[in-house]
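Place chain B on chain A using the hints.
Taken in order, these protein sequences are the chains called A and B. Plus 334 on top of the position in the first sequence (first one is 1) and you've got this note's numbering. Plus 4 on top of the position in the second sequence (first one is 1) and you've got this note's numbering.
Rather than coming from a laboratory, the hints here were simulated on the basis of the structure. Each statement offered as a hint is correct.
To be clear about the criterion: a stretch of chain A counts as covered by chain B if any three or more of its residues have a C-beta under 8 Å from a C-beta of chain B, and this derived list gives those stretches:
(1) 354-360
(2) 371-383
(3) 389-399
(4) 587-600
Where is the CB? At the ideal position from N, CA and C, for every residue including glycine.
Listed here are the chains, written in short residue letters.
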Amino acid sequence: MIDLANPVVVAAGCGGTGRELDALGALDGIGAFTTRSLTLNARTGGPVPRFAETPSGLVHSTGLPGPGLEIFLATELPWLVARGMRVVVSVTGASVAEHAEVARRLAQAPGVRGIEVDLAVPDARAHGLLDVREPFHAANVVAAVVREAQDLPVLAKVRSDVLRVAESARVVTDAGAVAVVVGGPQAAALPDGRPAGLSGPAVLPLALRCVTEVRAALPGVPVVGCGGITTTADARSFLDAGAVAVQVGAALLHDPTTAARIAADLAGGPS
Amino acid sequence: MAAPRARRDRVAGDAGVKSPFHTTGEVLASKRVGAFQHLTVVAPGVAERFRPGTFVAVSVDGTRLARRALWIHGVRPVGGHGPALQLVVEPVGPGTRWLAERPVGTRLEVTGPLGRAFALPKEPVATLLVGEGYAAAPLFPLAERLRERGCQVNLLLAAPDERRLLSALEARRSARAATVVTADGSVGRRGSVADVVAGVLAQSAAEVVYAAGPVPTLHAVAAAAEQAGAWSQTAVEQPLACGTGLCHGCPLPVVGEDGVARVVRACTEGPVVRGDRVRWAELAGARPAHGEPA
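Okay, chain A solo, but in the shape it has when bound (with noise of 0.2 Å):
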């Protein structure tokens, strides 16, 4: 696992390129920052409306838009790095291939602290990306992952299904991931009925019932919890449940201070 100073991090897909938030004071104090998940090549994202609102979530189908890997190891990395930021690579693509192209040309990357491999795309297939359904091709693409990125740790976002999340875990880790990152988005549906992600407070019970059952399952495995954090209360009931760090995503998007300020609590000490 990455050491990290505070237990509380910029979830992938989040937090922008970093400069955003730090316009806003809002990466202070943050123990780490994942960045959006990246492909190999430069991607324009998906059609409009790429978000609904429902009660306490978001719908999401993006199309993950990014720069490509090479725009980003020009610009936003060593930005990031700069910054004083310990930043975690979020990579998703088309093939095992492309996942792990990337994920050899980030080993060679400087400041790349961790790669997380994003397994848990929920609108995958719409977007022309790998659909990870099966634990065989979420092994197949972290052996690959983890083959190509040297001595960086690789960890695993697996998807948040209550009854699936202990076995995916347990093959990314025999696969070689460090660690397992557990909630994220619930697949869903736009209105319109095209592929998406739900996330934000809605998802939270599940991802935290997702921890405790890789908990349970996998003692030794380091989790990381993610889904609809908005509060330092609902940080704490990850890092009681046993993840050893929390995510914070979608609350950004209501309000970009949110783990700036859950991390200032959680190191002010228990209140």
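Leaving out everything else, chain B in the frame of chain A:
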């Protein structure tokens, strides 16, 4: 771990004053004018940073996660509070209705000012400002700034009907010439911006055109400006979830300065963009009829 940094962007007066601010504001006044609700919100740190064309993102109603982007109609000092934001809301969905119904004293989470402002001409040239509906709001403080620079200000205001015509009286006071068009002819001339913008532009001899309104209106203005050889600056409103550049919910297809087509975020690389840089046909084709948070 990064060394603790001085909050450079928290110190008024230095370069950081341009960066946005996240704070808890308070509704000082709320007034219905026609179809719109005019809110006066004190949000320390936000009003001081305002430039015309920027906007604020506001949280609504407890369990709603998406934020609502509101144009800033102006900044006015309010006794005992310092500068306060004048915001315009058209209550059309659950979030905007919630905002419109807030009593005085309500606390609001406000982030802003966000996005890129209208660029001001270096020379005192003639300008034309074209606005439609509530989106015309940022043109009023822009008119003030332009007049301060010695620019001649002409105004073209449009709306479906009189109830959705923003501040027509104020417009007549602040502009050298003001033209009003409504779709139903309830006030001013009957018609749309697309019908009249070329003629108004020719009459005003404006060298710079500023526009704020729905996409088809902005497209018509940008096209007319290009034909007349004028610069255009358009404030594009896209459905969004955050307003701060994080969610990628407001894609805006443009052609960059380098001639390369790309998709940028309307909230961060916009909302104000050069009219000749937007790929209007793609933007219009991509717009949903409904479904975005309102």
